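Participant: Please dock the two separately framed chains into a single complex, following the hints provided.
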Amino acid sequence: MNNLNNEMKLEFLSKSSNEAFARITVAAFAAQLDPTIEELADIKTAVSEAVTNAIIHGYEEKKGIVKIRCQIINEELIIEISDNGQGIENIELAKQPLYTTKPNLERSGMGFTIMESFMDEIEIESIVGMGTKVTMKKTIKNNSETEDALQFATSCD
Amino acid sequence: MESKYYNEEKLLILKLTEEIDECTVQKIRRKADYEIERYMPRKVIFDFNSVTFMDSAGIGLIIGRYRIANMLGGTVEIANVTDSIKKVLELSGLLKIIKITELEEMAG
Ligand SMILES: Nc1ncnc2c1ncn2[C@@H]1O[C@H](COP(=O)(O)OP(=O)(O)OP(=O)(O)O)[C@@H](O)[C@H]1O
Ligand SMILES: [Mg+2]
Chain A
20 MNNLNNEMKL
30 EFLSKSSNEA
40 FARITVAAFA
50 AQLDPTIEEL
60 ADIKTAVSEA
70 VTNAIIHGYE
80 EKKGIVKIRC
90 QIINEELIIE
100 ISDNGQGIEN
110 IELAKQPLYT
120 TKPNLERSGM
130 GFTIMESFMD
140 EIEIESIVGM
150 GTKVTMKKTI
160 KNNSETEDAL
170 QFATSCD
Chain B
-3 MESKYYNEEK
7 LLILKLTEEI
17 DECTVQKIRR
27 KADYEIERYM
37 PRKVIFDFNS
47 VTFMDSAGIG
57 LIIGRYRIAN
67 MLGGTVEIAN
77 VTDSIKKVLE
87 LSGLLKIIKI
97 TELEEMAG
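So the sequence lines, in the order shown, correspond to chains A and B. Counting in the numbering used here, the first sequence runs from 20 upward without gaps. Counting in the numbering used here, the second sequence runs from -3 upward without gaps.
Bound-form chain B, shown alone (with noise of 0.2 Å):
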């Protein structure tokens, strides 16, 4: 996962690199909580955009920190996932909380 945080905005893109399942959510999860709390951005993105598989473990991920983000003042939303991973999303209901955003390529 990468991050970065743009200050003015108060935003903090989280942009996801690698599959998302049991395995790998874990190292996901520390690290997305890291840079929530240190940053408390208004808005979190997470960028589905290299993310070719996600799994139930990546609802749980996503309200976690959802969660999170809401205590602490902000929001969070999803960008560029594919038709599979929506309509895992989909299903889960998560869709009625979470709003799915555009976002351009972001330079770096």
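Chain A on its own, in the form it takes in the complex (with noise of 0.2 Å):
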């Protein structure tokens, strides 16, 4: 049975090299529902976009905390990524394909777009100033025959 419900939280230091870290525990934490590799895939590449614009568009070059607190409700798995850095101004803008602050750090202005492609539904928050809040949204329908990404699931309740 998958309709068990979860939540874990993780918090670390704005620093590029916690990224991985951050995609795959989160991974580890949404095996549990038994994704496809796939899912698991774009779960992973969706994590590291949001976590990777709170370090470098959040909080730049000062350190802060990025916040990540996941959900599992039922078949819906619920990421939220959240710094308390500099904020978007306008954020339908930042949303449009392509669209960069950053175009000389070779930022190509895809990483909205990939969060939105790859999870179901995405909801940005933003106060200049104060953060920003990204909480992303998949369902992943129970498919048994995917046992390689069981590897990290536990069924011991």
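Keep in mind that the hints were calculated from the coordinates and are not lab data. Each hint should be verified, as a subset may be incorrect.
[Claimed, not checked] In silico SDA-like links for lysine to any residue, alpha-carbon gap of 25 Å or less:
id, chain 1, residue 1, chain 2, residue 2
1, B, 83, A, 113
2, B, 92, A, 156
3, A, 156, B, 80
4, A, 82, A, 29
5, B, 23, A, 39
6, A, 121, B, 87
7, A, 121, B, 46
8, B, 82, A, 39
[As the list claims (entries may be wrong)] Under 8 Å between C-beta atoms, here's a sample of chain B residues computed to sit facing chain A:
id, residue
9, 29
10, 52
11, 55
12, 56
13, 59
14, 79
[As the list claims (entries may be wrong)] Derived contacts from chain B toward chain A, CB cut-off under 10 Å, selection only:
id, residue
15, 15
16, 18
17, 47
18, 49
19, 99
Since we're looking at a predicted model, the values are computed, not measured. No residue lacks a Cβ here, since even glycine has one placed at the ideal position from N, Cα and C.
Facilitator: Shown next, in the form of structure tokens:
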């Protein structure tokens, strides 16, 4: 049965060396929903985009704390990624494909587009000077044939 | 990243050996630019065979090297991408300007 509800929180310093650890941790948590390899890859990529944004746009050179909260409610995975950084002035503009405020750093402006297309839903809340919170949702249909994805899953209760 | 230059074909193969994100991309970029500027190849192939993860940092990486290689009279191609990396590349529109090529496992 997969409709067990669960939650976890993760906080770390805004260093890009924490990105791999953050996406792997979320993927390991998501594994209890029996995702396919493809779904797991989608989740990792979306998390990596939001975490990178918090680090390079939210905090820029300054150091701050990036927070992740993950919930599982029935078959849905809900991921909140937040920072207390500089915030986004115009969210609609920021979401446009290819829009970036850092072209000189070889950013391509595809982060939000990737999050939108790899997850089912994305919501962005931001206050300039206060920070940004990105909430992403993805429903993982139960597919019992994906044994490989089960390597992290535990079923001790 | 490992690199190999084939003088006769003026072909530079850059074999990426790690996950590509904001953290790892800076070092890859520096090394790739050094090799491209040194050899001025006719063709650069990024070999993704050992790459298990790539986010939008990889898009910027490839576009940036495409610009430099182009300026020096060369092209850029990509080989051995997984389905999930291909999805990221497709979404970015990169595959309209950069070809995915077949690359046999080269010696060395
Ligand atoms: N957490 C954040 N805090 C402040 N600004 C942000 C945040 N996330 C995104 N932005 C703004 O939104 C823009 C678009 O973000 P998006 O991730 O789509 O592209 P990018 O990060 O610029 O490039 P890419 O993700 O392709 O490397 C950014 O350039 C930045 O100005
Ligand atoms: Mg981004």
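Participant: For every hint, state whether the structure bears it out.
Facilitator: Verification of the hints:
1. B:83 - A:113: 21 Å, holds
2. B:92 - A:156: This hinted pair is violated, its Cα atoms lying about 30 Å apart.
3. A:156 - B:80: 19 Å, holds
4. A:82 - A:29: 16 Å, holds
5. B:23 - A:39: 16 Å, holds
6. A:121 - B:87: This hinted pair holds, its Cα atoms lying about 20 Å apart.
7. A:121 - B:46: 29 Å, violated
8. B:82 - A:39: 20 Å, holds
9. 29: This interface hint is violated because 11 Å lies over the 8 Å limit.
10. 52: Holds: closest Cβ of chain A sits about 5 Å from residue 52 (chain B), inside 8 Å.
11. 55: With Cβ-Cβ at 4 Å, under 8 Å, it holds.
12. 56: 4 Å, holds
13. 59: Because about 6 Å separates residue 59 (chain B) from the closest Cβ in chain A, which is inside the 8 Å limit, the hint holds.
14. 79: This interface hint holds because 7 Å falls under the 8 Å limit.
15. 15: 6 Å, holds
16. 18: Residue 18 (chain B) check passes; min Cβ-Cβ to chain A is 4 Å, inside 10 Å.
17. 47: Since the shortest Cβ distance to chain A is 12 Å, the answer is violated.
18. 49: 6 Å, holds
19. 99: 22 Å, violated
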